[in-house]
Amino acid sequence: MFNLNEKIADWRRQMLAAGIKTPVPLDELEGHLRDDVEQQMRSGLSAQQAFEAAVQGIGQAALLESEFDKVGRMKQAQTRAKHAILTLAGIPNHYLNTPMITSPSNIEPGWATYLKATASLVPAVFLWAISVMFVMPKLQQICSSAAGVGDASFWKVTHFNFGIMSLFQAYGILIAGAIILLLILLEWRSRNWPRYRRAAVGIGAFLLNSVILISIFMMVVTAMVVAPALLHHPK
Amino acid sequence: MLAKELVAASTEPLILSLLAKGESYGYALIQEVKRRSGDKIEWTDGMLYPVLHRMEDNGWIKSRWVEVENGRKRKYYSIKKDGHHALKEKREQWAVIAAVLRGLWKEKYV
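Protein chains in written order, with this note's numbering: chain H, 1 to 235; chain Z, 236 to 345.
No lab work stands behind these hints, which were simulated from the structure alone.
Glycine included, every Cβ here is placed at the ideal spot set by N, Cα and C.
Take every hint as true, because none was put in to throw you off.
Sample of chain H residues facing chain Z (criterion: CB under 8 Å; computed from the structure): (1) Asp27; (2) Glu28; (3) Leu29; (4) Gly31; (5) His32; (6) Arg34; (7) Asp36; (8) Gly57; (9) Ile58; (10) Gly59; (11) Leu64; (12) Glu67; (13) Phe68.
Using the sequences provided together with the hints, build the complete structure.
Now the structure itself:
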């Protein structure tokens, strides 16, 4: 007695042996096979005849595998090309192989994330402290002597930069305390925080580094603009 | 029956055009193309699926499993925004070829 389900199970085994990957393509092909068998039986064929015709229609396992393999190879080549470009651009792309929000099995320990963020901030914070303590007061003095030199937008940017530096100088400890408190709260209360910690701390450290470096760069530009004016300034 | 090369070249525009009308699944796509071409285009059943998977990887179409009768599942495909863009491009390309051929054949019989 012909048993369609048994025959389909045999056919699946042949496909698996030929290398058709389970579950997606094989499940889809089985669905197709069953649709075809049903259709052929409706047009008058026996179950056995319908099955044989459907198997013939779907093609040989080895041929199918080679077609699926072509698609897989193209996908692999695209992924490799993407990784090569990211590596050349200096972006650590092994993180991009998995989602940015990491799975629980590969979450980085909190101490490692905070240690790395602190280490990346040390040089910029050191430079900022030196600039605020020794360079900025002198530069502000020079600027007040050179007031009126250059255009208004230059002075606007300069004062804004001094404002930011002064803000960090006055409230730096408070801001740092608030951030540390927020991180302690997140570590203590949020169950999802470990999944987002690495990305959030990394972005925060990057932004803080950028602000400090841009500020220091602006101070250098200010010094370069006002210094020549002072040469012609009456004493 | 049409030449194998022509069938292969027209597979993607045909799939995109059919899916632009609504979501469908592999077996139904094959039957629809067969019916519309008067049995002149007959895709090898198993060959359609690697093409569908490639188009899904390209971001032109997306798929979802739907439970049909007897607990069986069927994978339905639908067209995405990028698929509509690709279809527009392919329509323009095929229109150029059709117009050139039409013009040439018209000249021949004038």
